[in-house]
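J.: So the chains spell out like this:
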Amino acid sequence: MGDSIRILAEVQGDVTEFRTLIRHPMETGLRKDEKTGKEVPAHFIQEVIVEHNGKQVFKALWSSGISANPYLSFKFKGGKIGDGVKLSWVDNKDQSDFLIAKLVKAD
Amino acid sequence: MYLSRRLFIKVGLGALAAFMAGFGILRGLRSDWPKAAFNAHDVDAALQALLGVTLNDLTLSDKIKLTIPKVVENGAIVPLSVDAGLEGVESISLFAAKNPHALTSSYMIPAGTLPYVATRIKMEKTADVIVVVKANGKFYSTSKRVKVAVGGCA
Numbered sequence: 001m002g003d004s005i006r007i008l009a010e011v012q013g014d015v016t017e018f019r020t021l022i023r024h025p026m027e028t029g030l031r032k033d034e035k036t037g038k039e040v041p042a043h044f045i046q047e048v049i050v051e052h053n054g055k056q057v058f059k060a061l062w063s064s065g066i067s068a069n070p071y072l073s074f075k076f077k078g079g080k081i082g083d084g085v086k087l088s089w090v091d092n093k094d095q096s097d098f099l100i101a102k103l104v105k106a107d
Numbered sequence: 001m002y003l004s005r006r007l008f009i010k011v012g013l014g015a016l017a018a019f020m021a022g023f024g025i026l027r028g029l030r031s032d033w034p035k036a037a038f039n040a041h042d043v044d045a046a047l048q049a050l051l052g053v054t055l056n057d058l059t060l061s062d063k064i065k066l067t068i069p070k071v072v073e074n075g076a077i078v079p080l081s082v083d084a085g086l087e088g089v090e091s092i093s094l095f096a097a098k099n100p101h102a103l104t105s106s107y108m109i110p111a112g113t114l115p116y117v118a119t120r121i122k123m124e125k126t127a128d129v130i131v132v133v134k135a136n137g138k139f140y141s142t143s144k145r146v147k148v149a150v151g152g153c154a
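Residue numbers (our numbering), protein chains in the order written: chain A, 1 to 107; chain B, 1 to 154.
Where hints are given, some of them may not hold.
One side only, chain B facing chain A, incomplete, derived with CB under 8 Å [stated by the list, open to error]:
1) 34
2) 70
3) 101
4) 113
5) 116
6) 119
DSSO-like, lysine-lysine: derived pairs with alpha carbons at most 27 Å apart [to be verified]:
7) B:138 - B:65
8) A:86 - B:35
9) A:32 - B:98
10) B:138 - A:59
11) A:55 - B:138
12) A:32 - B:63
13) A:77 - B:138
14) B:65 - B:98
15) A:105 - A:93
16) A:55 - B:35
17) A:93 - B:35
18) A:77 - A:59
19) B:144 - B:63
20) A:86 - A:59
21) B:147 - A:32
22) B:144 - A:59
23) A:35 - A:55
24) A:32 - B:65
25) B:63 - A:59
26) A:93 - A:38
27) A:38 - B:98
28) A:32 - A:93
29) B:125 - A:80
30) B:70 - B:144
31) B:125 - A:35
32) B:125 - B:138
33) A:38 - B:138
If you're looking for bench data, these hints aren't it; they were derived computationally from the structure.
The structure presented is a predicted model; accordingly, all values stated were derived computationally and were not measured.
All C-beta atoms in this analysis are idealised placements derived from N, C-alpha and C, irrespective of residue type, glycine included.
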């Protein structure tokens, strides 16, 4: 688990900047395969949830209008260096993944 | 232990129900994924389905800062960030007006999270990118026109 997700969550004062890259095709269902000419079925992340110390701090609802291999960043208050932060995603094919990372000191 | 056929069926059905309930819980994760809003084609229909408002109900606000390129070569990757300088922000939603489905994404902002989000969206063609912010139960927006050289929705 977690292979699809990279997280960098940096604490600066009271604010944590959370950044993530997720490996996912984010297929719209409109694209045709170049070889077969058949439509590639829609396959995209629908929901991303981030929790800090077990409390939800962010939720993203996505369509296939988000670029392939999505990037996402947001900021929340109250994070301390060493705290745990968990990102989980689920897509329209019921596939999912999650990763737990630690908050680090900002460079 | 000997199981009568009747008991075996009962136990089997019970296990099946528990198994399906388990899936129900998993599916429950996305029970609030706003399907109608994401399937809508134009901004107004998507707005109506998502937030129950129309474009006319939105107040333009220069406190919402949308950072996005004026021109992009490749519509498959349009980087943007939104910094909504408003109090009591509950959600931020991003629309690309001329995409096959205008609503790209929507973000829930609980108390303690700053009204900020950055991501990368796809754009089919040159169009307005519209940000709609719900704050203290009211709706605010800003938009910027983005020129797209090659569409990125296919």
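J.: For every hint, state whether the structure bears it out.
T.: Results of checking the hints against the structure:
no., hint, in the structure
1, 34, "holds, 7 Å"
2, 70, "violated, 18 Å"
3, 101, "holds, 6 Å"
4, 113, "holds, 4 Å"
5, 116, "holds, 5 Å"
6, 119, "holds, 5 Å"
7, B:138 - B:65, "holds, 17 Å"
8, A:86 - B:35, "holds, 25 Å"
9, A:32 - B:98, "holds, 20 Å"
10, B:138 - A:59, "holds, 20 Å"
11, A:55 - B:138, "holds, 26 Å"
12, A:32 - B:63, "violated, 41 Å"
13, A:77 - B:138, "holds, 24 Å"
14, B:65 - B:98, "holds, 21 Å"
15, A:105 - A:93, "violated, 36 Å"
16, A:55 - B:35, "holds, 26 Å"
17, A:93 - B:35, "holds, 14 Å"
18, A:77 - A:59, "holds, 15 Å"
19, B:144 - B:63, "holds, 14 Å"
20, A:86 - A:59, "holds, 12 Å"
21, B:147 - A:32, "holds, 25 Å"
22, B:144 - A:59, "holds, 24 Å"
23, A:35 - A:55, "violated, 46 Å"
24, A:32 - B:65, "violated, 36 Å"
25, B:63 - A:59, "holds, 23 Å"
26, A:93 - A:38, "holds, 19 Å"
27, A:38 - B:98, "holds, 25 Å"
28, A:32 - A:93, "holds, 19 Å"
29, B:125 - A:80, "violated, 43 Å"
30, B:70 - B:144, "holds, 8 Å"
31, B:125 - A:35, "holds, 25 Å"
32, B:125 - B:138, "violated, 30 Å"
33, A:38 - B:138, "violated, 44 Å"
When each numbered hint is compared with the structure, violations occur for hints 2, 12, 15, 23, 24, 29, 32, 33.
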